[in-house]
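If you're matching them up, the sequences are chains F and V in order.
Under the working numbering, the first sequence has 92 at position 92, and the numbering climbs by one with no breaks.
Here the working numbering runs 1000 ahead of the position in the second sequence, where the first position is 1.
Some clues are possibly wrong.
Heads up, incomplete: computed chain V residues facing chain F, CB under 10 Å, no partners named [said to hold, decoys possible]:
| id | residue |
| --- | --- |
| 1 | D1010 |
| 2 | A1017 |
| 3 | Y1084 |
| 4 | A1187 |
| 5 | R1188 |
These are computed hints drawn from the structure, not numbers from a lab.
For every residue, glycine included, the Cβ atom is placed at its ideal position computed from N, Cα and C.
Take a look at the letters that make up each chain.
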Amino acid sequence: MDEREISELDRELRRVLRDAGLDRIVDQVDATIVEGRSVTERRKIDKSGPSEELVAVDYTARERYQLLLDAIRRAVVEPAAFEASAEVRLIERVGAASFTFLDPEENAVRTIGQPTSMEHRLRARDARRTLDRDAAGDVSAVLSRLDPRSASDEITSE
Amino acid sequence: MNASNRQLLDALRARLAAPTSLTLADKYYDLYEGYLFALVVDAARTVVDGTGTVYFEDGDENPVRDVVLRTSPGRMDGPNARPYTHAVVDLGDPQRRDLEIHLGVYFAGSQRVPHECDIAVVLRTEARRARANGVYPRGSQLRLALEAKYRVSNLRLGVGREFIGLRSQLRGDCCYLVTNSSGPKTARMLSKGAAFRDEVIPGAPNDEELSHFVRTVVRAHVRGTEYAV
Chain F
1 MDEREISELD
11 RELRRVLRDA
21 GLDRIVDQVD
31 ATIVEGRSVT
41 ERRKIDKSGP
51 SEELVAVDYT
61 ARERYQLLLD
71 AIRRAVVEPA
81 AFEASAEVRL
91 IERVGAASFT
101 FLDPEENAVR
111 TIGQPTSMEH
121 RLRARDARRT
131 LDRDAAGDVS
141 AVLSRLDPRS
151 ASDEITSE
Chain V
1001 MNASNRQLLD
1011 ALRARLAAPT
1021 SLTLADKYYD
1031 LYEGYLFALV
1041 VDAARTVVDG
1051 TGTVYFEDGD
1061 ENPVRDVVLR
1071 TSPGRMDGPN
1081 ARPYTHAVVD
1091 LGDPQRRDLE
1101 IHLGVYFAGS
1111 QRVPHECDIA
1121 VVLRTEARRA
1131 RANGVYPRGS
1141 QLRLALEAKY
1151 RVSNLRLGVG
1161 REFIGLRSQL
1171 RGDCCYLVTN
1181 SSGPKTARML
1191 SKGAAFRDEV
1201 IPGAPNDEEL
1211 SHFVRTVVRA
1221 HVRGTEYAV
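Work out the full structure, taking the sequences as your base and the hints as a guide.
See the structure below:
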């Protein structure tokens, strides 16, 4: 993937996100880009000789694009993995029947698993159930193919 | 743009546009905390398997199998705490050094101010003392506290600065900042390895590393020593 191609993909990807109402992802990546990176370099500034100095470094176009890909992965793919991992650990390994996130007004926000008590079954009626893990997997596969760090780079380059 | 990349972007657009597939309006802080809670509970289980047990209780100390987790921080005591669940790490120990694992509860800091702990491993005697007397559990009785930060982009430096404040109020030697994201500047500021774990996500090496670390902390407690940075 050359720099021109990466800039083009970055621009298009931003458009896809904004069209999907995910402006917040783009905005948060931009905040990181504005903050920039810093590195320590040995520079000769003072008469006394070289010294360790903190130097600001701008992200390259490739790095900016990679930040965007990482952000989409975190926003869209990772939550389904958090949920699946918690399900394996709490339900399969430790023996819980279900787990529910309850807000301070005692509304069930999300329920994973099958509640055993009537109280929890009633609560879970209006709660969200598991995220669409297949959809998250599909998005992950697409992001990998768009990622210049992955081996599939050759597939997307012409 | 080549046709292959165009196709990929179209596929992504279609997936993100599907209204019910991923509920993208959510911010998922709760799921990240739930994932870390599960990681800590499961790691503790592996340490006590064979000699003790791990089970769940509600705020009235009734054993439950339907786990209820908080979306906002709350107190360990009082009527509002009743539905919420914590894990009990029963060591099978007559010296009553059992532990409890909580999600999103307040602890009393060194300056007599309550502070939220996202994931807290605390002595059961301290948790029971707090529930029975309507007081905040003391931060000094923590064995492990994880400050969870789910972030889409890189961790901003301000998060690290806030964490330094939290460490100064609770038991600093057992407080850790854990994030799904990366934060090179925060890592440098907090001296990575000591108090900071980044890129902790399921299936990643840092998931296993954190799990191993929790086992080390619980094992040290079982042996009657304390793990500290």
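Item checked: Y1084/V as chain F interface residue, shortest Cβ-Cβ below 10 Å -> This hint holds: Y1084/V lies near chain F, its Cβ roughly 7 Å from the closest one there, short of 10 Å.
Checklist line | D1010/V as chain F interface residue, shortest Cβ-Cβ below 10 Å | finding: holds, 9 Å
Check: Would the hint on A1187/V stand, with a C-beta cut-off of 10 Å toward chain F?
Finding: Where the cut-off is 10 Å and the nearest Cβ of chain F is about 12 Å from A1187/V, the hint is violated.
Margin query: Just to be careful: measuring from the Cβ of R1188/V to every Cβ in chain F, is the smallest value less than 10 Å?
Written below: At 9 Å from the nearest chain F Cβ, R1188/V passes the 10 Å test, so the hint holds.
Next item on the list: Would you check whether A1017/V satisfies its interface hint, that is, whether its CB is within less than 10 Å of any CB in chain F?
Entry: holds, 6 Å
Taken one by one, the earlier hints fail for this structure only at number 4.
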